[in-house]
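K.L.:
Respectively, the protein sequence lines represent chains S, P and D.
When we follow numbering that gives the first Met the number 0, the leftmost residue of the first sequence carries the number 0, and every step to the right adds one.
When we follow numbering that gives the first Met the number 0, the leftmost residue of the second sequence carries the number 0, and every step to the right adds one.
When we follow numbering that gives the first Met the number 0, the leftmost residue of the third sequence carries the number 0, and every step to the right adds one.
Everything labelled a hint here was simulated from the structure, so no lab data went into it.
Note that this is a predicted model, so its numbers are computed, not measured.
Among the clues, some could well be false.
To be verified - Residues from chain D that face chain S, not an exhaustive set, calculated with beta carbons under 10 Å:
1. K45
2. T181
3. G238
As the list claims (entries may be wrong) - Derived lysine to aspartate or glutamate pairs resembling EDC-like cross-links, with alpha carbons at most 20 Å apart:
4. D:K209 x P:D34
5. S:K101 x D:E38
6. S:K11 x D:E38
7. D:K162 x S:E65
8. P:K31 x S:D58
9. D:K136 x D:E56
10. P:K31 x S:E65
11. D:K22 x D:E43
12. P:K77 x P:E2
13. D:K90 x D:D149
14. D:K134 x D:E152
15. D:K22 x D:E143
16. S:K97 x D:E142
17. D:K210 x D:E142
18. D:K98 x D:D149
19. D:K237 x D:E101
20. D:K22 x D:E56
21. S:K97 x D:E143
22. D:K237 x S:E106
23. D:K134 x D:E56
24. P:K7 x D:E103
25. D:K214 x P:D34
26. D:K50 x D:E126
27. D:K136 x D:E43
28. D:K45 x D:D66
29. S:K54 x P:D34
30. D:K207 x D:D149
31. D:K210 x P:D34
32. S:K54 x S:E65
33. D:K171 x S:D58
34. D:K134 x P:E2
35. D:K22 x D:D149
36. S:K101 x D:D159
37. D:K133 x D:D217
38. D:K210 x D:D149
Quick reminder that beta carbons are idealized off the backbone N, C-alpha and C, glycines included.
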Amino acid sequence: MAERLSNREGIKGMANPTRYGILRVAYWLQRLSGLGLLAYLIGHIYETSTILNGKAAWDNMLSLTETPGGHIVLVIVIGMCVFHTGNGIRVMISEGGKGVGKPGQPEYPYRASSLNSKQRLCIWVSIALAALAMMYGAGVLFGN
Amino acid sequence: MRESIIMKIHYGTALGAVALVAVHILMRMSQKFSDSLAYQNVLANYHFLPYALMLEVILVLLSVHGFNGLRVILLELKQGATYERAINYGSIAAMAILIAYGSRTILMAGMGIS
Amino acid sequence: MATVTVPKEEKTAVVTSPESTQKTVTLRIARINPPESTETKFEEFKVPVQKWTTVLESILYVKQNLDHSIAVRYSCRQASCGSCGMKINGKPRLACYTKISELESNVITIEPMNNFPIIRDLAVNFEQLFSTHKKMKPFIINEESEVNSDTKEFIQTPQDLEKFLQFSYCIKCGLCNSACPTMATDTSFIGPQGLAQAYRYTADNRDKGKKDRLKIVDQSHGIWRCHFAGSCSNVCPKGVDPAMAIQLLRGYLLGFGK
């Protein structure tokens, strides 16, 4: 009941990428891609450890991952990796106070200068690079 | 440890990982992708000391960055002294386990114990 | 928060308007009265609107003509006092500063702001916001006070003033805290309002409290829990831009700021 009365938006609110513009979408994608990449890292470390069990075990693992399904997962991982990197660099630079505009006299209609076009452009570029990398990755993986 | 120091490590590991993972991926691209995953080729990678060392560094960087990121998300989801202590120590333990497990592969495959 | 929509008789007042074709909209107002009831019910009211009618005016119309029991906090009616923050059509806004016409909808859903405990209906408790604000030491810290006869007055150029002026326009309406994704789950987070005010005083060239404030914000539920989602600046009705203040403050911690 206390939780209800505190009226916190909760995970549903935190994970809702709508309502507040592209920066909120980028925040959501950054989290999602981060979690996805961590899951992939764990899986990848397990996957590569099978090499210690000899050629048969390695080939057996490859027969599971070198499939259309496995390639689709890898293409998604490529996209997550590129977006997480591009957007992460933007966030890192911004968190150092760079590229967020200069304080000044706010004037109606009070558009926040931290949500400037450079920030939005960087997000779109990250998304575009991720899409390009996914296409290239799909070409390499499915072209084999 | 102050949160600013932790986050500086978070940023540092991210930048280091970006550079080294790019090299790791480019190495896969130096030949046909499916060939690069052939048993002998992968073993040869582990036997090449500079590459094996690079894999070890990537492993440490990504484990620290990944589990610190997870720690941040989990700390924001729920609060409380016991929970937060569990998350902090739990993420350090998870980092250590993943690094140990990955290092075992790099070390044993590099030394030809397989 | 559990919500139920009660089928209820629509309440409409007899409007003595000269124009019979006057536009009306439906207000869906959240009703909750803790601790007696923890369930939110929505009541619907039809209200007449002009193109300049604000959400606050329409709520006050309901209070005067249809249901006087609706709890709502308001004061200045001109976006100066920060009292009437509420969630309007899913987004935190000031009711006095939001025109019905700009919402482009015939149904306006009005709820209490998220991330603040509900007192009743649309009125929320600001205790946490004010206590966090106080923790940021929102005053000039300087032992050489201007009031001492043996010290000179503090010189501040227009450029010095511009470094913090924008952030001093904060009216503590709480919209930024309500929109923040971290505040949605983190009950210990300082929040964009407090962090922006920490920067406002730190950036003031008369102030000597930078070290103290940086120590306060550099903790596990402090400035590092901001991930620059920009939602706070997106909803700020005064152009304070808390997201910018937070990143500039973080610049000090990362060694980029002077």
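K.L.:
Compare the structure with each hint and give your call.
P.N.:
Consistency of the hints with the structure:
1. K45: Cβ of K45 of chain D sits 26 Å from chain S, so the hint is violated.
2. T181: Status holds, d = 7 Å.
3. G238: At about 3 Å, which falls below the 10 Å cut-off, the nearest Cβ of chain S leaves the hint on G238 of chain D intact, so it holds.
4. D:K209 x P:D34: Violated, because 58 Å separates the two Cα atoms, which is more than 20 Å.
5. S:K101 x D:E38: Violated - the C-alpha atoms of E38 of chain D and K101 of chain S are around 45 Å apart, more than 20 Å.
6. S:K11 x D:E38: holds (18 Å)
7. D:K162 x S:E65: violated (57 Å)
8. P:K31 x S:D58: holds (17 Å)
9. D:K136 x D:E56: Distance of about 36 Å is beyond 20 Å: violated.
10. P:K31 x S:E65: It holds: about 13 Å lies between the C-alpha atoms, which stays within 20 Å.
11. D:K22 x D:E43: holds (16 Å)
12. P:K77 x P:E2: holds (18 Å)
13. D:K90 x D:D149: violated (52 Å)
14. D:K134 x D:E152: Roughly 27 Å between the alpha carbons, so the hint for K134 of chain D and E152 of chain D is violated.
15. D:K22 x D:E143: Violated: K22 of chain D and E143 of chain D sit about 61 Å apart, past 20 Å.
16. S:K97 x D:E142: violated (32 Å)
17. D:K210 x D:E142: holds (15 Å)
18. D:K98 x D:D149: Given pair K98 of chain D, D149 of chain D is violated - Cα atoms ~53 Å apart, limit 20 Å.
19. D:K237 x D:E101: Holds: K237 of chain D and E101 of chain D sit about 18 Å apart, inside 20 Å.
20. D:K22 x D:E56: This hinted pair holds, its Cα atoms lying about 15 Å apart.
21. S:K97 x D:E143: Violated: K97 of chain S and E143 of chain D sit about 33 Å apart, past 20 Å.
22. D:K237 x S:E106: Between K237 of chain D and E106 of chain S the Cα gap is close to 9 Å, so the pair holds against 20 Å.
23. D:K134 x D:E56: violated (35 Å)
24. P:K7 x D:E103: violated (45 Å)
25. D:K214 x P:D34: Cα-Cα ~54 Å, so violated.
26. D:K50 x D:E126: violated (36 Å)
27. D:K136 x D:E43: Violated. K136 of chain D to E43 of chain D sits at ~43 Å, over the 20 Å cutoff.
28. D:K45 x D:D66: holds (12 Å)
29. S:K54 x P:D34: holds (14 Å)
30. D:K207 x D:D149: With a Cα-Cα distance of about 19 Å, the restraint between K207 of chain D and D149 of chain D holds, given a limit of 20 Å.
31. D:K210 x P:D34: The hint is violated at about 57 Å.
32. S:K54 x S:E65: With a Cα-Cα distance of about 15 Å, the restraint between K54 of chain S and E65 of chain S holds, given a limit of 20 Å.
33. D:K171 x S:D58: violated (63 Å)
34. D:K134 x P:E2: holds (18 Å)
35. D:K22 x D:D149: violated (66 Å)
36. S:K101 x D:D159: Satisfied, since the Cα-Cα distance of roughly 12 Å is no more than 20 Å.
37. D:K133 x D:D217: holds (16 Å)
38. D:K210 x D:D149: violated (26 Å)
Comparing the model with each numbered hint stated earlier shows that hints 1, 4, 5, 7, 9, 13, 14, 15, 16, 18, 21, 23, 24, 25, 26, 27, 31, 33, 35, 38 do not hold.
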